[in-house]
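Enquirer: Residue numbers (the working numbering), protein chains in the order written: chain A, 1056 to 1286; chain B, 3 to 409.
Hints listed in this document are in silico derivations from the structure and should not be mistaken for laboratory results. Cβ coordinates follow ideal geometry from the N, Cα and C atoms, glycine included. Careful, some of the hints might be misleading.
[As the list claims (entries may be wrong)] Distance ranges between label pairs, derived from CB positions:
1. T1067/A / L6/B: 54 to 60 Å
2. A1195/A / I341/B: 26 to 32 Å
3. L6/B / L1233/A: 46 to 52 Å
4. T1057/A / K402/B: 25 to 31 Å
5. L1233/A / K305/B: 31 to 37 Å
[Stated by the list, open to error] Derived list of chain A stretches under chain B, where covered just means 3 residues or more per stretch with a C-beta under 8 Å from a C-beta of chain B:
6. 1099-1112
7. 1133-1141
8. 1156-1167
9. 1170-1184
[Stated by the list, open to error] Selected chain A positions facing chain B (in silico; Cβ < 10 Å):
10. G1144
11. L1153
12. R1213
13. S1214
14. D1225
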Amino acid sequence: MTLLHLEGVTRTVQLIDAPPLTILSGVDLVVNVGDRVSIVGRSGSGKTTLLNLLGLLDSPTSGTMLFEDRAVQSLSSGARDRLRGREVGFIFQQFNLLPGRTALENVMTPLLYAEGRQFWQRARIATAMLERVDLGDRLASLPDRLSGGEQQRVAIARSLVRGPRLILADEPTGALDLETGETVMDLIDEVATESGAALVTITHDPAIAARAAQHFRLDHGVLRVASAVPA
Amino acid sequence: MKRLASNLVGSVVEAWQEVRIHKTRVMLSLIGVAVAVCAITTVVGLGAVAQQATVEQSERAGGRAASLYLSASMNDGSTPIEMPEIWRTALERYQIDYASRVVNISQTVQFTDGAVPVQTIGVDPPYGTMHRVTLDEGDWFTDDDQNRLAPAVLVNTVFWDRLGRPDLRTHPTISLLGTGTTTAVVTGVYPALSWETEPAMYMLADALTALTPVADSNFQFGPPSYELWVPVDVSGALVTALQRDVQGALGSAAFVQVNRQDYAAYQDGDPYLSLKLTVGAIAGLVLLLGALGLVNIALVTLKQRIREIGIRRSFGATAGRVFFAVMMESVVATVVAGIVGVIAAVLIVKSPFVENFISQGQVTDFPPFPVEAAVLGLVCASAVGALAGLIPALVAVRVKVIDAIRY
Chain A
1056 MTLLHLEGVT RTVQLIDAPP LTILSGVDLV VNVGDRVSIV GRSGSGKTTL
1106 LNLLGLLDSP TSGTMLFEDR AVQSLSSGAR DRLRGREVGF IFQQFNLLPG
1156 RTALENVMTP LLYAEGRQFW QRARIATAML ERVDLGDRLA SLPDRLSGGE
1206 QQRVAIARSL VRGPRLILAD EPTGALDLET GETVMDLIDE VATESGAALV
1256 TITHDPAIAA RAAQHFRLDH GVLRVASAVP A
Chain B
3 MKRLASNLVG SVVEAWQEVR IHKTRVMLSL IGVAVAVCAI TTVVGLGAVA
53 QQATVEQSER AGGRAASLYL SASMNDGSTP IEMPEIWRTA LERYQIDYAS
103 RVVNISQTVQ FTDGAVPVQT IGVDPPYGTM HRVTLDEGDW FTDDDQNRLA
153 PAVLVNTVFW DRLGRPDLRT HPTISLLGTG TTTAVVTGVY PALSWETEPA
203 MYMLADALTA LTPVADSNFQ FGPPSYELWV PVDVSGALVT ALQRDVQGAL
253 GSAAFVQVNR QDYAAYQDGD PYLSLKLTVG AIAGLVLLLG ALGLVNIALV
303 TLKQRIREIG IRRSFGATAG RVFFAVMMES VVATVVAGIV GVIAAVLIVK
353 SPFVENFISQ GQVTDFPPFP VEAAVLGLVC ASAVGALAGL IPALVAVRVK
403 VIDAIRY
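This is chain B alone, in the form it adopts within the complex (with noise of 0.2 Å):
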């Protein structure tokens, strides 16, 4: 045991002084590996985002894993008049926060310009949660704006050109033609989609079927959907559950479906597995490439130091010895150009310059840097200094000490 102990602390003190003596050599291998560690902890990284940025985009059209959509109907096409209430019990009883109506019609708004038809979408407060839709300007509906008299609209960014780009802190209002004619205040704006030309506007269900109910005539887009956002793990057993209660409380005169649409339904497996092996496999190329120049730098410079490892077997040092200084020597230097690496790697993977650039704006939630990426990065720069330091290692174990000293 103490043989033990002071072999190894002996063996660090002889890596230490190594690495403090030969400070060029351990930095030209430090830059090496540090440069090839960061590489691979960056490209994973940046990986990650990328794979957000991917989901985060498949959510905001499909919604978020696990989403379902319920629709209902009479056989005859009609909307059946329950459902409002249908829907309210099914929340309450499966205690569902995430939900939200989602109804499409033709709504006329009146610009400067004339009267215009404006695809509305009449969604519940959750919706902008569950669809992670961004807003330019302004903030998404919350409850209170179910009590307001005058209901409120978030519109396109196509909209709020057509309008003048009023500041939303005067309260911009528009008036939307039906039956009457009904003011409504421009709570805020979102970003249009690349080939969206025309305006387009959401508001809470409840205000846009007050205005233009859904059984008259101008409804024009189907009947409203129903959306949920539950755990992928009970979604399975929620479409059962609500297909049969739906379909119980409505009778057979119905035609109820009910059924998980989101872009994790349709995968089988890992989805990014692909995407993650190419990244994987470029970064194992360039680690491959780091630590064969610094296997070059070990062997180059051994030759120097093979006089100096004579000099230590002759003052007691085992083969043994010598092979673990030289390794952990190795271990050493490329944990800590390990650690350069990593910290360079979150420095440039969080950077906002380098998250603008990979997410091209798809990305609300950035993740926290992998955890998995820099262990692999530590792992790595470990795995690779003990292969670099094998090869030395071997080599300086059969070191002739005589021969070594005079060398």
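If we strip away everything but chain A, and leave its shape as in the complex, we get (with noise of 0.2 Å):
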């Protein structure tokens, strides 16, 4: 099931007193439920504004962009912001835990912006996804009480708490030693698998790009199928 449709995408931004620079450029990209996508690229290539585009934070310029089949663009922007709270799950690279919130509440916050059950049992269902992420015992515990592997582990449980369809991650082992970023990897596709959510991973990093299905390389704002990272 196609969960991204990605056709002829453009985006653009005005300057003052210059032309418009055109940042990204005939972008295609199809996106499955369950797909592992990795997409490399050097600095100002335009990742971020595709991450953009792709976590519904941005509309492109011109072109086709479905998400389950419905055109973005035709979106309001609350009915946009609902959809990604519940079908994107984003990991930062500097995790963006709420300071001065406990582990708990961390996980917590995406179920605020949720309905229903998720919304009033939301300290259960975030309880059981700590505990999912071997972070059981580290409920109240405050992100600066946590070591930087656990803080990603928490930021995995929130992004993944509302079970999103769409987990886009971006640089997610770029403030980790090597040992603890493979780990953290290794976390995030065990829970994407079980979800049955497609991770969609931007980085520099060629063996975190390496362990993606379908790898793409942006560069100059033109997406391009890479045939083999480098390991």
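Each of the two chains sits in its own frame; use the hints to bring them together as a complex.
Expert: Following this line, the structure appears as structure tokens:
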């Protein structure tokens, strides 16, 4: 089942006293449920802009972008926000845990924007998710009391707590040492497989990119299939 | 409906989390707003006490609203002998409970250093309530005092000093001189006005006129007048009715005058409007300063929260939800501050020290803390919270999510 379908997607930004700057050009991409996709590229190649588009944080300037067969451009801002909250989970390089909140409160945060059972039973669901990433004994710990690896595991639990169908990982191991990074990636793969979610990883690290089944390279705003990624 | 309920509860949870996490910032905001609300509520509350002091001062001099004054004299200047009966009939007919004759007479009193003419006011028991007469010692006249063989007198402090400030529990007596000597008992002492240097006293009108008949040559200060304290809304009709009844009873050979003379009779509109406007303007400025402080703190700290807002947006928080949460946080904080400010204002205004300082001993009926002041304080706090939250909320909504996350 196709989750994301981008066809001829471009993204340009208007600059003051300068011609429009094209950041993404003619991007074609299909992501199916359960896919493992990696996108590599240098700084300034447009990775962040593509991440914004895939995560429904931004809209294409032209081209077609379908999320579960729905044209993203036709959705209202609120509908896009709700769709993102429901179907997309973000894992950030810097973890981006909310300071001052416990691990449990951090994982509960996405559930504050849910409805029905997910909202009213958010503490129970978040606890189960933290137990799933082996942090059942750190529920009340604040982020600054957790190691880097533990923080990223909390971030993973938080991104998956609403059961998204698309996980976007932006340099997920960039702030971790090699060994911890491997462990975290194993965990992401594992929980993504369990939930059946598609995983799109944007990274500089060829070793992380190599774990995916589909490899893309973004170069000056143009997305190409990378035939081989050296591990 | 489900979404509305979860959005509402979720926003409150978020706001509470923010308040809990950012205690220091919230406390700073709270202090500014609480002080402002306390100030606005206090000045309104103190204004009510000051107003009451002014009202009571006016009521002591001219009676409470509405006080009617009735005077009657024959065309030859004599006092109509039918007046006591006409007065009683009028009080019964119109069921007026608060009414008093007022007779001003100079009564000679024997002091140890000689006989001194003392200005004496003869009144009926309701006069004390009608004119808010306060006593330093003893009690105001009661109906039982009418039956005393030795009449009761209430003396001013000058009089009391001249007697040597005797303990009223010893029932000190004085000698009233006239056609004979009458012994009277001092039953109370009232404060002399600041300009009073001579002894003065109150007696019950019947006791006084028994000593010194109105027709007597000692009668010096004009005919007795009659005062009535009646509801304001019927005062106009009563003036007309009393004028008609008394004039009818005395006939055309008498000159009858009934009018309203209390302080409120001469005022058009709210007499304290200018005072209220001045106090309100000062309070408004105080509140404005509090609001500016709140906006300042909110904007400065918003920069630190941009990343957090971006993270929340990435998890599905809509722009409306972010706007509402930031607003709610501001309102929650200021309402709490408002409650604290109002409680502080009540404690300040109702403290005996402040009450005495503001009233300067001129208030007997301290008004309860004005509800409108408390409501005004809370409404102002909420309004300031909403207004102060509006600017940060608008800034929060305009945050670009990924930029914010990478901030």
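Enquirer: Does each hint hold? Answer for all of them.
Expert: Right, here's what the structure says about each hint:
The beta-carbon spacing between T1067/A and L6/B, approximately 38 Å, falls outside the hinted interval of 54 to 60 Å. Between A1195/A and I341/B the CB atoms are about 30 Å apart, so this pair conforms to the stated range of 26 to 32 Å. A hinted range of 46 to 52 Å for the beta carbons of L6/B and L1233/A is consistent with their spacing of about 48 Å. A hinted range of 25 to 31 Å holds for the C-beta pair T1057/A and K402/B, which are about 29 Å apart.
Remark: the range hint 31 to 37 Å for L1233/A to K305/B is upheld by a beta-carbon distance near 35 Å. For a cut-off of 8 Å, the count of residues in the stretch 1099-1112 of chain A with a CB near a CB of chain B stands at 5, and the three-residue condition holds. Judged by the Cβ-Cβ criterion of 8 Å, the stretch 1133-1141 of chain A is covered by chain B as claimed, because 6 of its residues qualify and three suffice. Three residues within the 8 Å Cβ limit are the bar, and the stretch 1156-1167 of chain A against chain B gives 5, so the coverage statement holds.
Judged by the Cβ-Cβ criterion of 8 Å, the stretch 1170-1184 of chain A is covered by chain B as claimed, because 4 of its residues qualify and three suffice. Interface restraint check for G1144/A: the shortest CB-CB distance to chain B comes to about 8 Å, inside 10 Å, so the restraint holds. Interface hint status for L1153/A: upheld, as the beta-carbon distance to the closest one in chain B is roughly 6 Å, under 10 Å. Interface restraint check: R1213/A against chain B, minimum CB-CB distance 8 Å, threshold 10 Å, status holds.
Against a cut-off of 10 Å between C-beta atoms, the interface hint on S1214/A holds, since the closest Cβ of chain B lies about 8 Å away. A distance limit of 10 Å between C-beta atoms decides the matter here; for D1225/A the minimum to chain B is near 9 Å, and the interface restraint holds.
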